[in-house]
Every structure is written in C-alpha cells, then in structure tokens.
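J.: Protein sequences, first through last, are from chains A and B.
The letter at position 281 of the first sequence is residue 281 when you use full-length UniProt numbering, and the numbering goes up by one with no holes.
The letter at position 219 of the second sequence is residue 219 when you use full-length UniProt numbering, and the numbering goes up by one with no holes.
Warning: the hint list may mix true and false statements.
The list makes no distinction among identical chains, and a pair is therefore deemed to hold if it is satisfied within one copy or across any two copies.
Unchecked claim - Here are the computed lysine-lysine pairs in the BS3-like style, where the Cα-Cα straight-line distance is at most 30 Å:
#1 K609 x K628
#2 K106 x K544
#3 K359 x K625
#4 K401 x K361
No wet-lab data here; the hints were simulated from the structure.
There are 2 protein chains.
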Amino acid sequence: MTDTLTIALGQMDVVPGRPRLNVDNMLRMIQEAKEQSVDLICFPEMCVGGYLLGDKFLEDAYCEELMSYNEELLAASNDIAIAYGNIYVNGSTEGHHPNKDGRSRKYNAVYVMQNGTYAERVQENGILPTGVQPKTLLPNYRFFDDERYFFSLYDVAIDYGKDLSALLSPFLISKGDQRIPIGMELCEDLWCHDYRADGEPINITKILIAAGAESIVNLSASPWTFMKNNARDRRVKYLREQSGSFVKYYYVNCVGVQNNGKNVITFDGGSTVYNEEGDPCILSKKGWEEDLMVIDEKASFLPTKRPRGNTIREKYLAIFNGLKNSSNMLGDDPHFVIGLSGGIDSSLVATLLVLAFGKEKVVGVNMPSQYNSDKTKGAAKALAENLGIEYLVLPIEDMVKSNTHILQLDGKPLSEFNLENVQAKIRGASILSNLSAKYRYFFTNNGNKVEIALGYATLYGDWGGAITPIGDLTKTEVADMCHYINDEVFGKEIIPELLLPDALWRFGEAQIQPTAELKSNQVDPMKFGYHCKLLEEITNFRKKSIEDIMTWYVEGNLHEKLGIGLDMMLRWHIDDPKEFLRDLEWFYDTIQKNVFKRVQSPPIILTSKSSYGYDIRESILPVLKTKKFKALKERIMAMDTYMAK
Amino acid sequence: MTDTLTIALGQMDVVPGRPRLNVDNMLRMIQEAKEQSVDLICFPEMCVGGYLLGDKFLEDAYCEELMSYNEELLAASNDIAIAYGNIYVNGSTEGHHPNKDGRSRKYNAVYVMQNGTYAERVQENGILPTGVQPKTLLPNYRFFDDERYFFSLYDVAIDYGKDLSALLSPFLISKGDQRIPIGMELCEDLWCHDYRADGEPINITKILIAAGAESIVNLSASPWTFMKNNARDRRVKYLREQSGSFVKYYYVNCVGVQNNGKNVITFDGGSTVYNEEGDPCILSKKGWEEDLMVIDEKASFLPTKRPRGNTIREKYLAIFNGLKNSSNMLGDDPHFVIGLSGGIDSSLVATLLVLAFGKEKVVGVNMPSQYNSDKTKGAAKALAENLGIEYLVLPIEDMVKSNTHILQLDGKPLSEFNLENVQAKIRGASILSNLSAKYRYFFTNNGNKVEIALGYATLYGDWGGAITPIGDLTKTEVADMCHYINDEVFGKEIIPELLLPDALWRFGEAQIQPTAELKSNQVDPMKFGYHCKLLEEITNFRKKSIEDIMTWYVEGNLHEKLGIGLDMMLRWHIDDPKEFLRDLEWFYDTIQKNVFKRVQSPPIILTSKSSYGYDIRESILPVLKTKKFKALKERIMAMDTYMAK
C-alpha cells in the first residue's frame, strides 16, 4: 500500500530558460522534504528548463544543457526519491532514432530516481532508458506545439510495433524492504478522453493501475485558464470511472509565467491529491505561489469541495501575476511610462501596473491635442493622483503641426482619418516609445480584446508597446475588473467611477463615454456589452461562426446564447434585423481585415480560452461570404423584428 | 496497364480563401482536359480553399463552405475522372468522430470522382467514405501545422484498430470496360522516410502498389524552397528502392502565394512525372506558372535531367512571385511608397517592387537628416532615376527638432542613441506610414535577415511596413541579388554599383559602405560575409548552436564549415580568438535579445529553409550560457590564433 510512502508535491515557480535557478529551487525543496522525512518528491513537467521554450527545443546543445542537470539531481536523490520533468534527447539519427522531421528524437519526459540511481520499472521493456518515461499524449491545439518538438510514447510503441501497455509500467520506489510501484504521467496524459485507439480513449491511468501502480503521479505544466481546476476534477473522476479500480492520484503543477513571444501564459499551481474515489481531497492553498505539499499517512483523504472560482478575480490574478513574474520579458525591476488618455482601458492598465510593481515604478503621461476634453484630462489626472504616480502632460499640437506640414508638402491635404492616425502615432511612436527608451522604461499597449479584434487602434501608435496586459479581456470584462479593483482590492474609488458604465453600457451626463478623442465628438463605434459577447463566441475554443450567430437570431435565442438580456439588444437596436445584419457584417469583416495589425502586435497576457496572439493563428485572408451566410442574410432581411423565443 | 489512361496534371494557382475563384479555374481546366480526351485530371492538395488557412480550419462553417464545392466538381466529372484536394469534415463529435482536441475531426483529403459519382476503391473498408482518402502523414515542423488541424489516416487506423494497409486502397478509374486502380497520395505521404512503424518507414507508395495501384498520383501543396525539386527526385527514387516494384508516379503541385500572417510562402509548381524506375521523365516547363500537363500514351517516359537550380535566380523568382501574387495581403493593384536611404537594401527592395508591379506603382522617398551624406542622397536619386519612379525628398530636421523638444521637456537630454531612434521613427511612423495611409499605398520593411536577426532596425521606425520582401536574405544574398538583377534581368547598371562590395565585403574609396546614417561616421557593426554564413548555420533546418561554431573554431574547420575563405576570416580579424569570441558572443546574444522585436515584425517572404516569422518560433527568453559554452570559451581564450586544419 502506498499509504506507507510520504509523498511531497513541489509546486514550484518554473522560470523558462533558467535551469540553474530552477534546479537550485528544486534542490532547496528536496532538502526541505528530506527534513520532513518525505519518501518521494514530485516536481512539475519540464521544470528544469521550462515548457514554453519555442524552437530552443530544436537546438541540441540547449537540450543537452538541460539534461546536464540530471546529474545534480541524481546526486541529490540520496535518501529520497525524486520525480521531475525534463527533456530527454537521443542525439542519434540512426535506426529507431530519427524524429518525424528527420532531426533528433526528443521526449518530454518524466525522470524518476532514488538513492543516486534511476528507478527501475515493474517491467522493463528494453526500449526506454531506465528511470525515464516520455509523455504519451501530446497536446497540439491552442498555443500548444508538443507535436512540433516531442516524440510521444505512443509513437515509440508504433515504431517498435509494441502495445502501449508494453512500455507503460510503474516505477519502483524503495522504502525499507518494500518496492512500491508508482505510476507516472505527464500533464495531457490525464486529459485522454479525446485521444483514441481501438475505439476507446487511450487511458494511461488505467494501463498503469493494471500494471500494478499503487499510486499515480501526474506532473504538469498546465497553464491557468478559468475553471480549469474544476474541469480537471471532472477528468480525474472520469478516469476513475473508466479505469474500474482506482488509486490515489497526485497532481503537481508549476506556478510562474512563460511566454511564446505572442502570448504571456500564467501557471496557477492548483496541485491536488485525489482519493481512490477520484475526488479531490487535498488542495494546494497557495494559488499562483510556490507550495511544498507534504502528504503523509496522517493526511485526510476525505473528499473536499473546491471553491468555485470568481471569473474576474481569477483573471485579475492572472494579469497581476503575469506582469509581476514576467522577468524574462521585462527584466527584474521594470519601470513603465504609460499613456493616460483618461479612458477606462489605460486607467485599468495603469492601476494593474501599480498593483504589480508599485507606484514609484509607473509614470503617467497625458498627451492632449485640441480634441481632448477637460473631462478626460481631468480623469487622467485624477487617476494619477489616486494611484500616487508621477504624472506628465505633454501637449502634442506642435508635433501635429510639423508632421502635418511635411505630409502636405505635396500640396494635397490629409483627410480627417489621416489626421487621427497622425495623432496616435505621435503619442505612441514619437513620444511614448522614445520616452521609454530614454528612461529605459517600458510602455504598454492598453488595448482590450474588442479593440484588438477590430483593429481599433493605430499601428505604430497606440498599437505598440512591450506587453498588452488587458488584450484578452473584453470591454465588459475591463469594466468588471475596474469595479473589482475599486471594490475588492482598494476598497475605494481609485479608477474614476465616471468612466464606468451601467449594466447596459449607458453613461450619465457627467460621465465619459469610450472615445479615441482623435476628432471632434468622436465616440467608439462598438456596441459594448453585445459585441463583447459576440467576440467571446467567435473566439471561443469551439469557434462559432457568423452563420451560427445568424442562425441564433433567426431562431430567436441569440440573447440566450450570448447570455445578454433583451434590454441590451434594444439598447443597441439589434432587435432591428437590418441593424443587426449591418452591424454583424461590419463586426465580422472588420475582424478579418485586421489580421495584418495583429501580426505586428506585442505579446498579450492570456486570460481567455482563445487569445489573439499564438493561441489563435491567423492567415491574412479575404472575407469569405458563404452560401449559408447569404441564405441566412436573405432570411433575416425578410424579418420585421427579432422574435425572442 | 495505366498507359491506357491519359492523365492530366492541373498545376493551378491556388488563392487561399477564394474557393469560387479556384473552382472556376478547376472547371476551366477540366473543360480543357475533356477537349484533349483526358481520362483523369489531378489537381493539387487543398486546391479548393488553400492550404495555409490558419485557424479558419477550426471554423466548421468555413470548412462546410469549402466542401459545398464538391457538388459542382462532381457534376463536372461527366466523361472524366477528377482528383483534387479539399477538407473533409465529419461534424459529429460522437463515437469515433471527435478530434484529439475534442472538436470536429477534419481530414486533409483527396477526393476522387468520375461520371458524377465518387470513385470506389479496389477494396472498400466500411470506415472511410467512398471517393475520399485522408492524408496519412502530417508535417508538423517549420511553418507546417497539419497536426493542429487534421486527423491523419494513420490516426484513423489506430482508432479503428486496423492496419494502415486495410484503409489504403487504390481508387478505380473506368475506361471503357476497364477499371484501372490508381493510388492516391497527398504531399508529405511521399516524404515518408522519417515516419516509422514497426521499425520501418511508413511507405504509403509501397502499400498502394501492393494493393494493385497501376499508377500513383501525389497531390501536393508543396512550398518552394531552394533545390526542393531535386530533393523530391531523390525521395521518389528512394520510394522506388524501398518498394520492390514501382509504377509511374505523377506529382502535381500548385503555384501561387499563401501566407500564415508572419510569412509569405510561395509555390513554384514543379509538377513531374516519374517513370517505373523512379526517374523524372516529364517536367512542367512553367515554374511559378499555371500549367495543364497532359500525359498521354505517346509521351516519352525516358529519364530526363532536371536542370540544377541557381540559388539567387530561384530566390529572386520567389520574391518576385511572392510580391506579384500576394493579392490577399496587398490587394489587386497595390502601390508603394518606399524609403530610399541610398543603401543597398532599400535599393534592392525598390527594384523588386518595380519589377513586380511596374514603375508607375512605386514612389521613392528620401528623408535626409543632417547625417546623410551627399553620396547616399545621390545614390538614392540615381536609383530612382534608373528605375524611372517618382521621387520625393522630405528632409526631417524640423520634425527632429519638435520631437526632441517634447522629449526634453523634463530638462534631461536625449542620448545619441535615443536621437538615432527618434530619426528612424520619424521616417517610418511619422512619414512613411502616414504617407502610405494618405495615398492608400503600402510601405515596406526593407530589412534583410541579418538585420532582423540582430534587431538592427528601430521598432516603429524602419522595422514597420506591410511586408518584408528581403527579410529572409542574408546581406551577402542581397548583394548577390543586386548583381543578378543588374546583370541578368536588366543587363545594365540599375542598382548603383557603388553600393556593391567586392567578394570580401570591401568597398573602394568612392563607394558607400552599409550605414544607418543616424549619427556621424556611422558604419554597420556587422561582419558581412562572415555573419551571413554564421546566421545561415544558426537558422538552418538542422540548427547549429554557438557551441557548434566554437567547436569548429577549435577544430580549425570553421572556414570550411561556413564555406568562406581564410581571407574572409582575416578581413574581419576572426583569426584572433579573442575577437572571434567577443564578436560571436555579441552576435548570438544580440539575436536572442531581439526576439521581442520580431514578435512585432511584418510578414517576411520566405526564401530560406528557416525564416524568421512563423517558421522559427521564438519565446522571449534570457541568454543561456551552457557549461559546454563555458568550457569551449576557456579553450579558445587560451588559443593564440585560429589554426586552419
């Protein structure tokens, strides 16, 4: 019985590309575990070098460097067993060894060692090295590129003409005279329900239990997304149901921040022990933080209830931690200049920066032109005062003049739209990016997801920056997060309430509506609240198309599907089929036409299940009007009004 | 015997996202083939909608629209057989159907039809639909993301617990009373040597021949890379050697341009018929152009020699066609404003634009500051005159003054480096991007691959643009292409010779060395010629690391490995170990530190086997100095001089 093993879960901060730092951290936790008489300490997947290393995995020398740390960990395994994730490379390209791309075959592997030697399996197979097991299931959706880099255990089985079960065997951990079989998995191996062989899910857990595993450990590098821990609970329950018998199931995940260039991805830990019923019973109490969880025989394995998450709170924490722990991108002590327009988006970003880094690290810059109202200028100043940050006002009219002059040397006037862009580029490229270079600070892209979708910002203007903190939040979520921060984080009005709409995105007389203020009386063309929900559907993991939206409209359940009230539809005149169509087509076409801008956007902190960046991969393509679209359009044009079901 | 079938290869221009256009093109070719009594006409992989559609493949409505064209093609198949590539979706997520990501299972498929019905197989399997065969091998390296979108035939075999051979069966094409079995493959299916099962390559061709195929057709969407047609010849020969017996092998590829947002990828056709010996015997004579090749029984199947390519000529054609046929990105009648500095890179880009679009579509803009010499200004003007394009001179000093003024309102002076960036941003963001918006033109990023690697350009300045035509050429290739264009395309000096170095990258007194001219007496810090070759190794398909370069230095074969002379090493003082190390470390570290810029770069036309963009995927990571690096560094520091072996 594994109850006799004291197992520790090392929920550690994994810093990609810094193996020395990570291994020192592991050695410290190993020492601490030894002091607590732990028998087996388990660390996350790819904890030595990081999981999101991009094409560094294609450089053999890089991988060999990461593997070189295995020696140190082997030496540290006296009087303890250690399991952790690292790359395993077989450098040969001969015989069974080449990868599918002809390069070195590389495994995303779990290493198991004890007392200075690699742990043996219940049943060795003569194919895999002792103490090393590759990941079986490789995620290749969203921002995951596992198939690009790694050769799976399933592929090994195919190559050698073996059953998977011939290669999947628990590792033996010694305790006194006993040798206790522990099954090891890596991350996706537990999300097996859609990977299929012989008409059944490829249930790694079941194979390991059948091969004698007395406990299962799953080592993960599982990025945070909202409610994922709850989803994982359901998946473990599913494994229990599929497996017949079940054993204790230890899930260890990392914390920290990694990136793939286009997205910043956060890890919240959430390490959990499940009992033989597949119910969560011991939860890490430290979300987003390191936690050494020691589970000994005195622990209670009674089921516990996982608290239901709060969307905005979790997304706030993702952005907060994504900023705070992003030293790979922003260095160890980053400072910021931020353009403060007096609008809601830049106000939220400035507040997030202050919360993550401190008020002395942030300088607000207001850059008024003739179009900026006293109201927005006042709001920017009020925010800066509320946050206690340094605040500069740099009027741009002189630069607008000299820029306009040079652009009209051909004798032809600039259009009003050209002049809008001129202003935005002066603010972004001429002032903010140069100021940030002068001070060695960073500046931010303050766009939200709706703006990024619609390209509603100026390339080389407010589209620029080192990072896009709220680029995966809809405008509704931006407003919600402002409320959350005022109410729950500060407990007082920091972000001016005059920027915050009511539930139907209406503003009072004294308030400030969203506006770019690049010409007179400009108001954003978005139908906030409604467009936010549309965008969520279009960019969901299961992507809804314009045809789906139109079908819902015809069926009269659009409001239900989007989770909005009929009052919101009336507020934006979407009950009028012609306005619905005009707007929807504009919305959808505009998103497609602005891929070229997203190609040049800075990294976005991921907070949804489908973020622009590297999660959504876009070719620059024309808008395609399908036959189904045309048929639906005709139908809707013939409608008098939206008929709610 | 298949000799009795007259087969046509429809080497067509595939425009991604425009199925109506593509299908009309196919219908036209089908009609033409009928007039020439063709029995079977074959079109490329994914020719209905395009191959590089990004996440459009995740939208069911988009895929259904592409599939809706199957009806039209079926109707057009009276009196002829048709084979072509298109998506196949089984929308159900029940039973065997979900994809590994839980979404709809989608196939990159070949459709085969004749006389209004889908073609039957020699042996139907009860699993796959009649007339439809999924791609077996899915490339998932470089810019290929097949595993992200498609479910392979191999995965189907696994899911149903079948041998692959049970699902791979030739299609029967009727001619008179005969039914002739033709084996169908898709693209990667022929590059099978590194995909393995049971210790052997997964040889689809062999399986199809064993199942009775009297000919094989391979439908491809195979991007151009240098010498790929020659590599393909070797692979077909390999298939012949591996397969025991062999049959005639028809390879049809598309032409045209597709993109994935970050890279523009060109297709050169190269459709080829191979004889029973696996030797190429009939080659498309139309590189990069549409070609309807009709191969009847009178054709000669004697082996022919494929002309060896000329690197610079092929790369020139890739860029020329990549620009000319890039309507998805640039629209149907694009015009350009291009910044002409009087340097070699912008001169080449301007010349390429004129060649691709015509001189009346290009406006050159010289934007001098106090640092620009009469020599470079003269070179820019001379180029514009040689090309016959409109030419503007817009001095930037006034804007530099007003920008400097606003940036020094804090009383602190800008550094010399800050002032350099200020100038570049005025040129790129304030002038070129606004001028292009004013005229509804495009502007270009004129950087070469060495600059893009080193980040040697200013973000929101010369880093911007709609497309990066020469972003995958090293500086040496830039110079080579200038010579090629002067000598072979124009037959006279269009690009001023005073910009072109000798073979050791030396310039005469009267010539112009590469310089950004952002401060006095500035000269580019690159060791051209040598750095170009270093970069080629580092970004090759088989990526060499800094440790490899150092090892070659120690071994005395660096010059051989890089293919440069010792004179080039002396010219850049690389024979001095300390200078070699200083420079190499700077070069390598600088590349790593500039990932953040590449994240925000415009699309690059791909001309190498590893282009920045989406071909090389980079996380923003710190520089990692490996133990091997440190040991090698110590060794090299102890050397007196480079010792050529």
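J.: Flag every earlier hint the structure violates by its number, smallest first.
T.: 3
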